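Position chain B against the provided structure of chain A, taking the given hints into account.
Top to bottom, those sequences are chains A and B. The opening residue of the first sequence carries number 1 in our numbering; numbering runs sequentially from there. The opening residue of the second sequence carries number 1001 in our numbering; numbering runs sequentially from there.
Hints are computed from structural coordinates only; laboratory data are not their basis. Since the model is a prediction, treat every value here as computed from it, not as a measurement. All residues carry an ideal CB built from backbone N, CA and C; glycine is no exception. Do not rely on the hints blindly, as some may be mistaken.
Simulated coverage check for chain B against chain A, where a stretch passes if three residues somewhere in it have a Cβ under 8 Å from a Cβ of chain A [to be verified]:
#1 1019-1026
#2 1065-1079
#3 1175-1188
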Amino acid sequence: MAEKLVYMDNNATTPLHPEVKKTMTDAMELFGNPSSLHSFGRQARQHVEEARDKVASFIGASPEELMFVGSGSEANNTVLNALTCQRQQCEYRNHRSNEIITTTIEHPCVLETSKCLQEKGVRVSYLEVDEHGKIDTEQLRDWIAERTGLVSVMMANNEIGTIQDIGTIAEIVHEGGALFHSDAVQAVGKIPVDVRKLGVDFLTLSAHKIYGPKGIGALYVKKGAPFCPLIRGGHQERGRRAGTENTLGIIGFGKAIEMRTLEMDEEEERLLELKATLRKGIEESIPDVRFVGHPVDCLPGTLNVSFDGAEGEAIILYLDLEGIAVSTGSACATGSLDPSHVILATGLPAECAHSSIRISLGRENTTEDVEYVIDKLPRVIGKLRDMSTMYGRRLA
Amino acid sequence: MSETGWAYSDKVKEHFMDPKNVLRDEEGFQDDGKGVTGNIQCGDEMIFLIKVDNERGIITDCKWKTFGCASAIASASVLSEIVKGMKLDDAYNLSAKDITRELGGLPEHKIHCSVLGDKALRMAINDYYIRNGMEDRVRREEERVVCTCMDVTDQEIEHAVLEGVRTFYELQERTKAGTGCGECQEEVTQLLQAYKEKHFHI
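Looking at chain A on its own, in the form it has when it is part of the complex:
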C-alpha cells in the first residue's frame, strides 16, 4: 500500500464535490417523472428547471437554449449527425451541409463521428495545429467555403490543455456563413465561458469533469440555430432529446455549476500556482523533459510532460504503485497501441507521444500532493531510463 493517495487525473473525471453529493443524496427521494402532471412529477420538474436555469446562466445562455443529454459525447454526436438527416421536414434540409471543418486534435467522439460522416458522403477537413496545439485561424479563413455547413473546434484540449481562440474562430465561421460548434467539456467550469460573447451556435458541456455526477451532459443550442434530434420518440427537452430525464444527474449538474460559480475564480489562481510548482520541481529534478501544450493559453490544472526514453504506460503504473493517479496521452493502456493523436499533431515524434503523461490537477489537490509527486517522479523516470533502449546509450 502506498504512503499516500494522490489523484491527479481530473481531466479524466473528478470526485463529486461534497455539496453535490449532499444535494444528490437528498434528491434521491424525488422519484417522480418530470413529465407527470401530478405533484410528484411537478416537484421533479421544478428541480430539473432550477438546474437548467443555473447551468444556462453560468454560460450566459437562456434556459430554453440548454438541453440535457447523457454525456458530452452524446452532445457532440448530436450536433455532427444532424448534418446527414434526410427527412423532408428536417431543419437541416435547407442548410448547406455537405462539408464540415474540424481539427486533428478533437476528442475521439468528434473524430470517429466525422469519419462515419465521411462514409456517408460528407466532406470533412481537419485543421492542423502548431507546436503548442493552436489551430491556424488563417487556414480556417482559407478553407471555409460556400459549401461548409459546420465547423467544430474544441475549446480546451483534454490531453494538453491548450485553449483555442474561440471568439475569433466563431467570427471567421460566421463570416463564412457556416454554423459553429465547440466542445467545451474541458473548459466550462475551469475557465470563464460566455456563449454570447464567444458567439457559438452549439456548445457541449459535461458535469463529471467539474465535480458533478457522471452520465449527464448538456448541449447549448443558440436560439434560431437549426436542430435535429439524435434520440427521437418523446417530447422531453422540448422534443430535442427523447427519454425520461435523468433527474438526479441533472440536479447534481446544477449543484456542481452552482459550486463552480462560487469557487472557480479562486481555484483557477490556486491551480496555476500548484502547476507552476510542479513544473519547476520536475524541471529541476529530471533532465530531458519536454512540456507539451500552450505556455499561456492552457487549462489551469493541465500539465502534459514527456520524459525522453521512458514509456508512458510504465510511468503510469509505477506511479500507481506509489498511490499517484495520472494518465498517458497515449491510449496504449486502454486498448489502442497508437500514440496520442494530439501529441503527434503538435509535430512531436512518436517516441515523445509514447513518453508523455498528463497530470491534471483539481480542487482537492494540495501543495503536499505536488511535493509528493515531485519526490516520487525522479526515481520512477530514472528506473525506466536505466532499462531503456531509447535513453542515453542509443542502439548500436
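Relative to chain A, chain B alone:
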C-alpha cells in the same frame, strides 16, 4: 480506499517492480549474440543479449533493455530467467504464448508486447550463429508479400492481429491489405483467421 486488483497479474507486477537481468551499461556485458527489435510507432523497442557456452550450445547468461510498457518489461524479465541454462534450439522455439503463460496471462491487447522479447531472443541466437561461422544453422523467418497492390506481408497481418484487429474491415483500415485489385482477399481472410486462432484461439 481499499487496495484493488492491479491492472495485470501478480507475476507481471512482480517482474515489473523488480525486473531481472536488465543490461546496465556500466557492467560491460560481453555478449555472444545480440538481437534488436521493435516498432516505435507502437512505442516499444527491445534489445536482447546472450552469452553462450560454445561446447554445449547452452545460453549461460543474458541481458536485455527495452523502451516498453509494463507487459514488455515483465515479458523480457521472465524470458531472461527462463532461457538461462537452456539449449539454443529450445530457446529458439519459445513462443510468445510460453511467455504469456509464464506470466499468468496478459490482457488480449497486450499480447503484442510479449512478442518483442522472444523475437529479439531469436535474433540474438541467429546473430550468435553468424558470428561463429554457423550460417547453416540460422533460421529465417521469411516475410511474404500477400497483397501485392498495397505491399502488405503476412507478418504485417500477424502484427495487426496482435494489435487487436479482428475483422477483415479492421485489417483493411489498418494495413490497406486487399484494397487494391482485391485478388488477395480470400488469402488475407484465411491468414487473418489463422493468426486469430494461433494467438487468441478464436
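Original post:
Do at least three Cβ atoms from the region 1019-1026 of chain B come closer than 8 Å to Cβ atoms of chain A?
Top reply: holds (count 5)
Original post:
Are three or more residues of the region 1175-1188 of chain B within 8 Å, CB to CB, of chain A?
Top reply: Per the Cβ count (0), the hint is violated.
Original post:
Do three or more residues of the region 1065-1079 of chain B come closer than 8 Å to chain A, measuring C-beta to C-beta?
Top reply: The restraint on the region 1065-1079 of chain B holds, since 8 of its residues have a Cβ under 8 Å from chain A and three suffice.
The earlier numbered hint that this structure contradicts is number 3, and it is the only one.
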